[in-house]
Amino acid sequence: MRRLALLALLLVLPATAAAEPNGRQLFVAGCASCHGFDARGIPEKGPDLHGAGAAAADFYLRTGRMPLDVATGEQPLRAEPAYPPEEIRALVEYLASLGGPPIPEVRPERGNVSDGQHAFATYCAGCHQIMGEGGVVTGAIPPPLKDSTPTELAEAVRVGPYLMPAFGERQIDQHTLDSIALYVERVVKSPPDRGGWGIGHIGPIPEGMVAWLLAGGALLAVARIIGRRMER
Amino acid sequence: MRGAPKLLPAARAPRWAELVVLWALLLAAAVAAAFIAVYALGADTQWLGLLLGAAFALLAVGAIVTAKALVPQEQKEEERHSLDHDREALDVAVYVQEAEEGITRSRLLKRAAGVAGLTVTGALLVPLASCGPFLDVQQLRRMAWQRGRRLVDDAGRPLLAEEIEVGAMVPAFAEGVDRKRLDASLLVVRLEEADLRLPREREAWAPGGILAFSKICTHAGCAVSMFRFPHYDVNVPRPALVCPCHYSTFDPATGGDVIFGPAGRPLPQLPVAVDERGELRAAGRMSGPVGPSWWGVQRG
Numbered sequence: 001m002r003r004l005a006l007l008a009l010l011l012v013l014p015a016t017a018a019a020e021p022n023g024r025q026l027f028v029a030g031c032a033s034c035h036g037f038d039a040r041g042i043p044e045k046g047p048d049l050h051g052a053g054a055a056a057a058d059f060y061l062r063t064g065r066m067p068l069d070v071a072t073g074e075q076p077l078r079a080e081p082a083y084p085p086e087e088i089r090a091l092v093e094y095l096a097s098l099g100g101p102p103i104p105e106v107r108p109e110r111g112n113v114s115d116g117q118h119a120f121a122t123y124c125a126g127c128h129q130i131m132g133e134g135g136v137v138t139g140a141i142p143p144p145l146k147d148s149t150p151t152e153l154a155e156a157v158r159v160g161p162y163l164m165p166a167f168g169e170r171q172i173d174q175h176t177l178d179s180i181a182l183y184v185e186r187v188v189k190s191p192p193d194r195g196g197w198g199i200g201h202i203g204p205i206p207e208g209m210v211a212w213l214l215a216g217g218a219l220l221a222v223a224r225i226i227g228r229r230m231e232r
Numbered sequence: 001m002r003g004a005p006k007l008l009p010a011a012r013a014p015r016w017a018e019l020v021v022l023w024a025l026l027l028a029a030a031v032a033a034a035f036i037a038v039y040a041l042g043a044d045t046q047w048l049g050l051l052l053g054a055a056f057a058l059l060a061v062g063a064i065v066t067a068k069a070l071v072p073q074e075q076k077e078e079e080r081h082s083l084d085h086d087r088e089a090l091d092v093a094v095y096v097q098e099a100e101e102g103i104t105r106s107r108l109l110k111r112a113a114g115v116a117g118l119t120v121t122g123a124l125l126v127p128l129a130s131c132g133p134f135l136d137v138q139q140l141r142r143m144a145w146q147r148g149r150r151l152v153d154d155a156g157r158p159l160l161a162e163e164i165e166v167g168a169m170v171p172a173f174a175e176g177v178d179r180k181r182l183d184a185s186l187l188v189v190r191l192e193e194a195d196l197r198l199p200r201e202r203e204a205w206a207p208g209g210i211l212a213f214s215k216i217c218t219h220a221g222c223a224v225s226m227f228r229f230p231h232y233d234v235n236v237p238r239p240a241l242v243c244p245c246h247y248s249t250f251d252p253a254t255g256g257d258v259i260f261g262p263a264g265r266p267l268p269q270l271p272v273a274v275d276e277r278g279e280l281r282a283a284g285r286m287s288g289p290v291g292p293s294w295w296g297v298q299r300g
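Chains as they are written, first to last, in our numbering: chain A, 1 to 232; chain B, 1 to 300.
In case anyone wonders, no lab produced these hints; they're calculated from the structure.
Treat the hints with care, since some could be wrong.
To be verified - Distance ranges between label pairs, derived from CB positions:
#, chain 1, residue 1, chain 2, residue 2, range
1, B, G49, A, A121, 21 to 29 angstroms
2, A, R194, B, E203, 50 to 58 angstroms
3, B, V234, A, R78, 17 to 25 angstroms
4, A, E109, B, G49, 49 to 57 angstroms
5, B, V177, A, P206, 51 to 59 angstroms
6, A, R40, B, D178, 15 to 23 angstroms
Cβ coordinates follow ideal geometry from the N, Cα and C atoms, glycine included.
One chain only, chain A, in its complex shape (with noise of 0.2 angstroms):
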């Protein structure tokens, strides 16, 4: 009689998850190997969630960074989501019942674009670079910001996801979180371009070796016409 109690209770379960994710199940199935059954972090392998909040939980799993594919390193990078999104929103709501930061708020319409540019030259250039195609750190790949919506960027400035440091409202108060978001939106997504070419955004080396390669190619080739006409 037991035994097929517990046999119908499997059958059950499952459907029920179905209907309705479950949040606390999905983290035992999912994250519990390095973070631990009551997400108290397990010693060298993951941290403690308590006060991790919906902040740095959703950012994590929106942008596909957990859970950490081993293979590509200690780094969490950007991949495909591994839940689907009502399955997401269950386990964010969990790991909020934990405690810790709600997922911030951010308009990028409120914004504007020239404080976004500022602060985004002061706090965020150094690593990103100013068109916001990421770059390199010692130990880290600060990564491209073409992708992110507002919320994940809001999300990463708040939380401070792997070694970038976490900027706390009385440093970047709402509205250059607005100003910001709007300056990744009108400016990093959609560079201007007013020469026509961005020479992939990545700043001075590119241009130096279109300076070199094909405008010294262009010298070269007038200097030859030139002497071509002097022979005549």
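Position chain B relative to chain A; hints supplied.
Just chain B now, with coordinates in the frame of chain A:
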């Protein structure tokens, strides 16, 4: 005399050509002088480029007009034979002389060329001053910071200690000091106090784990604008300040020691103190000279 050159009296150069050359040279000199003035005033570098380019363009105009309109263009060809005949040599001498006589104001033009050449050369040499002081390197040791000077943020507001959270990176400046001064810029970061491993004499320099460093890399003078800070410190690099130019990496916990990259000496640290209003103030001088290394600097 077969094969002897047919010498014609040189055509007189048009008067306008001389004036053009004269004006081009004088303008080149004036523009080069303007370059020196703009450099001395420290104005926008784009003006420097524009003025130097204009000076060269004017020199080029002078040279082209001289070549095309002032110097006789006749070309003579003859089979090579020696000028042993006195009369032939005389002819050539006369021709050369006449060619120069075509220019009515050759002395004036030569002087203008001299002035233009000297000024443009001066304009090319003057920017060497940017390589740094040659005689008085002591001025590189004079600092914008002294005990009690407040640290202000980008908007000029004083930095409050309580506003700087652990893991924060805050660009800061010396209050009331020209921000273009190399030593006015700081990067203020906060680590957990327990993680600090400062030398004994610097133990009081970082109240609550708040550390202030020069923002100027000791390698090539770029802005050290990257701060890596892991929120979970297993298997990840420890907190560091990183320069984006050549990836010199400094350890804030030990007082700015170089842990990677080409920098030859630690990032200068500024001792800070929190006053009764909770504001950050300098508690003394930087631990070493600010800026890229020069011959007066060996170690921090």
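Evaluated hints:
no.	hint	result
1	G49/B / A121/A: 21 to 29 angstroms	23 angstroms, holds
2	R194/A / E203/B: 50 to 58 angstroms	53 angstroms, holds
3	V234/B / R78/A: 17 to 25 angstroms	22 angstroms, holds
4	E109/A / G49/B: 49 to 57 angstroms	39 angstroms, violated
5	V177/B / P206/A: 51 to 59 angstroms	36 angstroms, violated
6	R40/A / D178/B: 15 to 23 angstroms	52 angstroms, violated
Going down the numbered hints, you'll see the structure goes against 4, 5 and 6, while the others check out.
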